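Each chain, letter by letter, is given below.
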Amino acid sequence: MRPVHPLLRHALSGLAGNVVLLAGLSFLVFVGVDLLPGDPITSRLGPTATPERIAAVRAELGLDQPVLTRYGDWLAGIVHGDLGRSAAGQPVTELLSGRVGNSILLACLATACLIPLSFGFGLAAARRRGRPADRAISTGSLLLLSVPEFVVAGFLVLILAIGLRLLPAVSLVPAGSSPVRHSEVLVLPVLSLLLVGLAYATRVIRAAAAGTLRAPYVEFLRLSGQSERTILRTAVVPAVLPVAVQIWLLTGVSMIGGAVLVEKVFGYPGIGELLVTSVQTGDLAVVQALVLVLGGATLAVLLIADLAMVLLTPRLRTGGGAE
Amino acid sequence: MSRLGKAGWALFFLLLLVILIGPAIAPNTATHPVGPPYAPPSGRALLGTDHLGRDMLSRLLLGGRPLLLTSLAAAAAGTLAGSLTGLVAALSRRRLGAWLMRPLDAITAVPPILLLLLCLTALPNRTGLVIAVAITSAPLSARVARSAAAQVAGRAHVENAIARGENWSWLLGREILPLVAGPLLADFGIRFVAAVYLVAAAGFLGLGASDTDWGRLIVEALPGAALQPVALLAPVIGVAFLAVAANLASDRAAQNSRGLLA
Amino acid sequence: MTALLEVQNLRLTAAGRAIVDGVSFQVEPGESVAITGPSGAGKTTLALTVLGHLRDGVTHDGGQVLVDGRPTLPQPPPELRGGLVGYVGQDPGNSLNPYARVATTLLRVTARSVPRPQRSALVSELLARVGLPTELAQRYPHQLSGGQQQRVVIAAALARNPRLLVLDEPTTALDLVAKAEVVAELRRVSDAGISLLWVTHDLASVETVVDRVVTIGEPTTASYSHAPVATAAREVVLTATGVTAGYGHTSVLRAVDLELRSGELLAVLGASGVGKSTLARVLTGLHRPASGTLAHRGERLPWDVRRRSRAERAAIQLVGQNPAEALHPRQTVRTALTRPLVRLRNLPTAEHDGEIKLLLDAVQLPIEVADRLPGELSGGMRQRVALARALAARPEVIVCDEITSALDSSTQSAILRMLDELRAELGLAVVLITHDADVAASVSDRLLVLASGRVARTGATADLLPPGESPEERVRHLLIDHTDL
Amino acid sequence: MTLSRRVLLRSAGLGAAAVALPSACGAAASGQTPVQATASATPKPGGTLRAVFTGGGATESLDPYVGGAPVDLVRHEVMYDALFRFRGNEVEAALALAAKPVAGQGAFDLELRPDVVWHDGTAFTARDVLASFAYMSSPERAYPSELSAYFDFAKATVTGPLTLRIPTRQPIGEPALLLASYPAKIVKPGKSIGTGPYQVDAFAAGREARLKKFDRYWEKTAVSDELVLSSLTDPQAKVNAVLSGQSDFSTDIPFTIAKTGTSNAELEIRTAGPLGRVGFGFVLNATKAPFKDPRARKAVRLGIDRQALVDSVLLGFGAPGNDLFGAGSKHFDSREPLARDVDQARTLLKDAGAAGATVVFRTAEYEIGYNASTQLVAEQLRELGLMVKIDQVGVPEFFDVKALGQTDGIVFSIGALPLPVTYSRLAAYPTLGLPDAELKTALGAALAATDEPARAKAWATAQQIMTDRGNTVVWGQADTLSIARKSVAGVETRAGQEKYPYLGRAGLA
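Chains as they are written, first to last, in the UniProt record's numbering: chain A, 1 to 323; chain B, 1 to 262; chain C, 1 to 485; chain D, 1 to 509.
Cβ pair distances, simulated, as ranges:
| # | chain 1 | residue 1 | chain 2 | residue 2 | range |
| --- | --- | --- | --- | --- | --- |
| 1 | A | L311 | B | W99 | 25 to 33 Å |
| 2 | A | L311 | C | R187 | 36 to 44 Å |
| 3 | B | L233 | A | R131 | 26 to 34 Å |
| 4 | A | S178 | D | E336 | 52 to 60 Å |
| 5 | B | W9 | A | T230 | 38 to 46 Å |
In short, the hints are calculated from the structure, not lab data. As the structure is a prediction and not an experimental result, all values here were calculated from the model. The beta carbon of each residue, even a glycine, is placed where N, CA and C say it ideally should be.
Full structure from sequences and hints, please.
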């Protein structure tokens, strides 16, 4: 009956949907940023520029065209792999290339640490529901959730970098090198991102695990004389995993765009600074590229999260089965 | 847990009261200097002074309300818009429901900070802030509302109401809403906490609207943390307190609703 | 020789209320005992204490449970669970770990390490014991039918050769065919010398298996049956022809024809998943079929209830399966009964109170019930309120979808009796959808048997299920005959 | 006249988009460390000097006419030479030896330094200078050089291997001053090749530049072998970099840091000295009521409490201002600041018909203290009966022309730039300049004067006019603070460039 594997078909249709969504999103942002008060030309030429000069630069950059035409041109450029030029005249691809990678690196590292920690803490708390260990973990994560991330980052700098001098306070990465080769500068930014993400992920995983521990099939396993360890391994972990994977992926991808504040505190060479300045100066090409990159990454991750959910849940993976 | 929940509510309401009447009981104005900058706590200024020598306690009392009201307004607007979309999507035919939800997915794809920047650049005031926070939270609320309502929409009494020809307002307001109010309130708590952070983050990025709200106080106190730690700790504790209380209240709302549908 | 199981004056409380209050009984080795009693009598709680398990909130408040002479409370002996005593729960769909294949589940409960090469042989053997083929070993629980699931649960319970099997309503969640499979299986287990402790509210189906019945709480009453009425002369109120319906690409009903005359009770009988509920929803306009027509007194009716006129909506009413979901938990009975008066009958407010009293009278509920919330009512009372709500519309047809399956047998017969009376008094036509052949045989005038979404048999109940024969056996034959076709 | 907003900002010490904001937690608490003037110890040759400055993110560039962030300017200073430069507040010869106006011709002759070598080893000639002029004033460039407003580079001619003749657009008495005042670096167009003491080794925009000593530098070769310039945008992060030992030097740090001091014995906090101060104040809109009336402007000057502002906003690191910008530059009129006189201010306001009026002051946190000073001034002016409504906006919108025209005052600061630069920048904005014929004449005379006494007289007149009826309110002169390892020596601050010092002679002692 089905020529294509259902999972593949799901992935393909999701991908197609995402492309449409991204196109819609980019259009909205294009028109939106166009309407913003910041005008790249006046901010570039200054207020004393003559009207003729402004008109000339506008024409040069194609800004005299209707917004739809410009959007069309921009789209055509995308198809050819050209993200356009910033208001200052630099190619956007050049502006973004290293920075996007650095931001992704930060998010990946934080997520890599997040996975085992949140899983461990979440399960530990759920198993000891209501007992001191659970209280400690739950309260700790609640408190961490309640402090803005830049405050967390600030405290970390104060204690670990300036007080104890264990780690560099700012992420200075030598020219011609990458943060990977200077792993010490990554520690504090990763830690700041991790702490905030960890609190949330732990809470969600704890809730999912606690729910599963109350499920009838766990009771049945207990009544069949299975040990708690076995129950945890065979019934609870597989049930929590689909939820956990979703949380990890979503937290991870939100860290790429969400690291702006943390990047600012540490002077980390990511996309944070670019994000802030390009929006404020109405640098359309850069904003668009960032929306495309961040939006695309988020949608892709949402899709992967969906697929992971299906793959990790036998009922979804194998289709309906005998009913 | 229930005792903890009660404590959460009590805490929440106490804080709410202090915050709401704060401007009335503040001993000084927010702008008038009462002493040297970064003065430690003293009889004249119980929490010391800030970077301009203004009374920290008064600024704290004056700043709670704008933060609370902005965050509340933003969370309420976001939860309302999101919930409504989610509820309608859950009650509609599948295709229409999906069509309603897709644009919201697109919003989820934009990082909240970027949305915040876009909105605040367009409207650099409190309204812009509320709109930005509402837009970022609406899609998540819609998801929560949709999945909560989907569990309820197939119940016999809802179908019965549809079958006897009840209109949308009855269906949503009387049949569905009372049953999903718990999850929605819980979600509202989470949105509220998120709103508090975004408002604070806006201040951190220099985009804040009021000059006394707590997010702004934190940002202003950060450089002088070593000189006057109280000026930093007081608003940080205030924000954390609000967030913890809201989280506890939200947990409680979620628990209450679980019992209802058992 | 000591008793295998001995319960001595056991007292269990929850939230300060005694749920099991001084129960004592014994089970000898090889003996099978049924525990019965009305719902809420603490049957399940009692059964779980045999395995030394107390659910959250339940406390042990006196007495003892001894298995093979050793107490199971507060902590069961190490080899008790799964070893000495096996357990089979109520809902096989929820008992099996949804993340493990059948083979994995079975191997794990054997609690000994089996060398890899011998594993598949062991699994096959365990499956063969409950009459299941080896192919099922690699399936996940959701890929099995209900009967198969429950037999896997039994296989798991038997894996370590227990001496006692605790069964908590092992057949209630199953359809006719699956129920027969499981009962037969348990009979074999019992014959093999393993003791059964069988908790059930449906004594009829376990009679052939158990040696003895222990009743806790109040005893249940006998069932109800009515005298069929001649209906040929009455006019046709509802005609459905060629109804084909489904969800997505799978069709559930195929070319179903149905005719209903006023005052008649038509039973629609079929195994679970056969499309009975879909039929109910199609008739009441809640599910749009792919094709087919519906006529009310010769007038064509739109399928979608939202497109029907007020009179058309009022004419056909549905009473659903689950009393817990039938009523809005936050609305009083009065609100539930007032809404149809307002929406469907446009009754002036002044007349509401009187009408509500009449409706509650009709379903034999006191007027005080009007101001209660559903949470304060029992399942039976809620189902009566649901029925009253349907009557409030002054319908010509009531479609009852398994309205009694969630109720214990005494409540069940009371509801059926009431339905019968209402029918006689008001000339209501009723479509009674059920999987219970006994219920169908006892109350219906005509019968429509569904199998695989098609009408397998239809005709007068008296012809299809002649008195004197077990209706369940007859129905199974009807269904199997059809499947053979 | 093409003056860009960015240049205006540069004078305020900030790059185009650099957002100065307070940030993460401060230094470890300790006793107060006295703030010291720039150390004059001699650095030892060799080694690496690491310094961190406010960066411009991805917009940083090696092209001296593209990047505008402080880190860009510091880097450009050591990689490229100008024709003339400041030492203290006096002009001295660099790549050019002299610029002499040609009487009656509306032009001047430029005489270049011989034996100068480019980083690529080629010899420096008059053609290179012509190419640089063409490059910096090219209309295609985003910010064509402001010098084009005074000089007609298109008509410049090479008159010898090391001489050029450049026509002027208005009488210019001292071309060297203008050539030193505006950024006019000599560069091989399109390449990052200059003649300065350092040449580029590695560069990553927004992160770091590694510069190595150029051994054939025409002047004394640099002290340190290597210069590592890092970019950070957050003021606190810059300080943290030095505090945690990742860098040796950073400047333009928050006042709070100086107030806190540092517990680290190896570090010290320095000021750029009295010549390296930044004037903080407001510019009143003299084109509309109430500040169209000089009495209302005077009332504001009398109504503010300068010392309170210096104590609160600058935490005492500075001195009260006398309402004139350009303190520390040549010809600056350093008269005593006005004392606060609320009564007189009230009377003046009443006379101007502005008692109880509501005015709008525009502010954005362009520099630390902008918003705070606006708030304090608003409080102080309230006592006179002048209601100040604060229009606080985001940094990128601050200089929106239309909005500027509608406000009554904007917060403003400017360093110790030469007076021609200061006054031409103020005049560039219709709402910042003072519409006054006498002032215009005086400024023209100051530019055209060829002899020193005439220049001094013209500037004195101009500043007298500004004192009498000007629209600038300069309440304070803020110290520029830096944090450095004690061994850092030889850092030179040039007039108006307190936030991007010259590191060509700097090193570790």
